[in-house]
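Protein chains: 2
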Amino acid sequence: MRVSLVVQKYGGSSVADAERIKRVAERIVATKREGHDVAVVVSAMGDTTDELIDLAEQIVPVPGGREFDMLLTAGERISMALLAMAINSLGYKAESFTGSQAGVLTTSVHGKARIVDVTPGRLENSIAEGNIAIVAGFQGFSKETMNITTLGRGGSDTTAVAIAAALKADVCEIYTDVDGVYTADPRIVPNAKRLESVTFEEMLELAACGAKILHLRSVEYARRHGLAMHVRSSYSAKPGTTVQGSIEELSVEQAIISGVAHDRSEVKVTVVNVPDKPGQAAAIFKEIADAEINIDMIVQNISTGGTGRTDVSFTLPATDGPTALAALKRVQERIGYTDLLYDDHVGKVSLIGAGMRSHPGVSARFFSALADAGINMEMISTSEIRISVVCRDTDLDAAVRAVHDAFQLGSDDEQAVVYGGTGR
Amino acid sequence: MRVSLVVQKYGGSSVADAERIKRVAERIVATKREGHDVAVVVSAMGDTTDELIDLAEQIVPVPGGREFDMLLTAGERISMALLAMAINSLGYKAESFTGSQAGVLTTSVHGKARIVDVTPGRLENSIAEGNIAIVAGFQGFSKETMNITTLGRGGSDTTAVAIAAALKADVCEIYTDVDGVYTADPRIVPNAKRLESVTFEEMLELAACGAKILHLRSVEYARRHGLAMHVRSSYSAKPGTTVQGSIEELSVEQAIISGVAHDRSEVKVTVVNVPDKPGQAAAIFKEIADAEINIDMIVQNISTGGTGRTDVSFTLPATDGPTALAALKRVQERIGYTDLLYDDHVGKVSLIGAGMRSHPGVSARFFSALADAGINMEMISTSEIRISVVCRDTDLDAAVRAVHDAFQLGSDDEQAVVYGGTGR
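Going down the list, the protein sequences come from chains D and X. Every letter in the first sequence is one number past the one before it in our numbering, and letter 257, counting from 1, is 257. Quick note, our numbering runs 424 ahead of the 1-based positions in the second sequence.
Same shape as in the complex, but just chain D (with noise of 0.2 Å):
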């Protein structure tokens, strides 16, 4: 039998202290005892990373830029030495790797760089010589100006994504706090019900709507690359949740919906007054872009009773909001708008499931169970298979709840018996 390798990543909670780096060795070591070649991708302790955004903004208001990722960096360095020397000490193999020692090359932007390769030969030969190799998360090194980079928030769950991709590896396991992906944050449905394999289309929508659960960009990394991901407990030995394949290979038997998403990091901002005329709108989503902001949900109300004007509301990050405010201030006069509104009390649901493709009824459904809540949508979107709406944060929960309800994805039901069993 071909020795199969696995590359297991571990964030920061797990390796949060001398104690819980010591049980995440003995989890290492157990699967190289089964007989696998195992890499392993490491986050900063706890809460290293935030002290030492602390100890930057001593020193600078904002940090950022070729400094900070070096300062950043030196996160994941500590937690992946001390990984190594815990691994050693149970009488096992391990060198550890920093992210331009392990050959992850990155876009030269800092704070957010992206991997543009991986050149894994240092690790392979590590690997071969068995060794368990310990990679630095979250950082990478650009070619172009031989600097150290980041990846930004998450990027922890990419780089795993990517060493495991370079690494022909047969899995990579993302570890975290939960034991999987839920059909619901279980903190606001109780009995939302873990899922056993959901898409690579569907886990990106769930975390483009809130999940926190794996990181967008390492979805998106493993689905280009058709790596299966699989999150599991740091905790425990329970089965976790799948990651793989596309909904086009979906049999008839899988579940329609997948579960129910929520996000309470966005807000909205509408634009009032704008000069209903050609134009105008990309002017306002022109100033936007141009100050590197990513705005999700847009509605234009149309021009009312004859003023020629018309407003225009968005969504987007909470952490953008003074920049948008600060951009489109600037053009004020040229677009002609009267007023800024600025809206920090907004949550959004999502819907998502593959199956809705084929079930025009789910949209009618989502809709009424939160009109039988009593919850006023404020802004609608939909993809192929998703359903979000905006409405006021302190309905969020009631929100997650009667769609969670309505399609019964409580763990009482099973799911292929949602929405009217229809044996698809």
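None of these hints come from the bench; they were simulated from the model. Owing to the predicted nature of the structure, the values given are computational and were not obtained by experimental measurement. Please note: incorrect hints may appear among the correct ones.
As the list claims (entries may be wrong) - Calculated pairs, DSSO-like style, for lysine-lysine (alpha carbon to alpha carbon, straight line, at most 30 Å):
#, chain 1, residue 1, chain 2, residue 2
1, X, LYS567, X, LYS617
2, D, LYS93, D, LYS238
3, X, LYS710, X, LYS636
4, X, LYS517, D, LYS112
5, D, LYS168, X, LYS567
6, X, LYS662, X, LYS710
7, X, LYS662, D, LYS143
8, D, LYS193, D, LYS212
9, X, LYS456, X, LYS536
10, D, LYS93, X, LYS567
11, X, LYS710, D, LYS143
12, X, LYS592, X, LYS701
13, X, LYS592, D, LYS143
14, X, LYS710, X, LYS517
15, D, LYS329, D, LYS286
16, D, LYS112, D, LYS329
17, D, LYS93, X, LYS536
18, X, LYS456, X, LYS517
19, X, LYS456, X, LYS636
20, X, LYS662, X, LYS636
21, D, LYS277, D, LYS212
Use these hints to put chain X onto chain D, whose structure you have.
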């Protein structure tokens, strides 16, 4: 006028927190503003290294090797990035470099690597582009193993000298807690006087005899490359002490005596009843050498009363004591000694001065000063420019004061008139 290149080194206490880092940044910028090119070597912040060691000891009892070096080097990565950010925020360009990026090539022995070469191309380019280059002290890179290494405690001084030599800097400034090299430790001798200048040979003896102000290896490196070192305070603009020149070049006006050093970090081991025949002492010291322990002084008594046996005593760093005892116990039978004594209540006082080569009266005055103070001398060793005596540790402060007084090294006297004012 040619722009001069200044290398500055700041120790851990100079960059212990954000405020101090900002103050150091201002000092560096002031040097740049004077028209100099500047490269800076920095240690880890305050207690960072100790905290990392503590973390490692929670994982394994005696950390060491490749992974421990990887861990420790995170310390300078943090301080150098923060320092570069602080300089940037003052409107000056700075780039930080790890030991590896700075081209600090070392042997591959983890925990106590030696610098074998510095390839400063990247630093030179950065400086040519107008940057202040910040370099991580204490760390390097082994070409042979491709691994990150550390130079051992105090290694940042050596990094600074090596970088300065490679960059052909005009001076290497070592910033520290105190404002120079003194004729004795001012905590013991309140009227100890700052030396304006001291030769490499004298500084080597001072460092070897317990003066903690400069790391021995850094002085050796600077001497070999003929590079002047300048010891200054991080907290004041006082002139400090210059380490330069050789005792061979000293003029007759130069002070005969430079200072009094003391050391509490050694222990005395006595091997009792060693058969007094050729090769036995050699056998003892071969064991010690094989354990990679450096010993300091040795005393072998003459064989007494026809017993054919003798005692051999030697001093060594206290940290190596247990290893030495273990090594000697392993060969007790073969060597045939009867007992091992371990004395950790010893101290060493040393008088250092280039002038004593031509002034035979120095040692007589030294010994009578100690005798007059009622201090018992247990071991004696001398070099061309040094006399050292081992005494009880409880007598050490009194011994330092007695010697310092006897040679009138205090700040109310001119050094040039010390020792009878012979006019030499």
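We went through each hint and held it up to the structure:
{"no.": "1", "hint": "LYS567/X x LYS617/X", "in the structure": "violated, 45 Å"}
{"no.": "2", "hint": "LYS93/D x LYS238/D", "in the structure": "holds, 27 Å"}
{"no.": "3", "hint": "LYS710/X x LYS636/X", "in the structure": "holds, 29 Å"}
{"no.": "4", "hint": "LYS517/X x LYS112/D", "in the structure": "holds, 22 Å"}
{"no.": "5", "hint": "LYS168/D x LYS567/X", "in the structure": "holds, 29 Å"}
{"no.": "6", "hint": "LYS662/X x LYS710/X", "in the structure": "violated, 47 Å"}
{"no.": "7", "hint": "LYS662/X x LYS143/D", "in the structure": "violated, 44 Å"}
{"no.": "8", "hint": "LYS193/D x LYS212/D", "in the structure": "holds, 16 Å"}
{"no.": "9", "hint": "LYS456/X x LYS536/X", "in the structure": "violated, 33 Å"}
{"no.": "10", "hint": "LYS93/D x LYS567/X", "in the structure": "holds, 21 Å"}
{"no.": "11", "hint": "LYS710/X x LYS143/D", "in the structure": "violated, 50 Å"}
{"no.": "12", "hint": "LYS592/X x LYS701/X", "in the structure": "violated, 53 Å"}
{"no.": "13", "hint": "LYS592/X x LYS143/D", "in the structure": "holds, 29 Å"}
{"no.": "14", "hint": "LYS710/X x LYS517/X", "in the structure": "violated, 53 Å"}
{"no.": "15", "hint": "LYS329/D x LYS286/D", "in the structure": "holds, 13 Å"}
{"no.": "16", "hint": "LYS112/D x LYS329/D", "in the structure": "holds, 26 Å"}
{"no.": "17", "hint": "LYS93/D x LYS536/X", "in the structure": "holds, 22 Å"}
{"no.": "18", "hint": "LYS456/X x LYS517/X", "in the structure": "holds, 10 Å"}
{"no.": "19", "hint": "LYS456/X x LYS636/X", "in the structure": "holds, 29 Å"}
{"no.": "20", "hint": "LYS662/X x LYS636/X", "in the structure": "holds, 19 Å"}
{"no.": "21", "hint": "LYS277/D x LYS212/D", "in the structure": "violated, 40 Å"}
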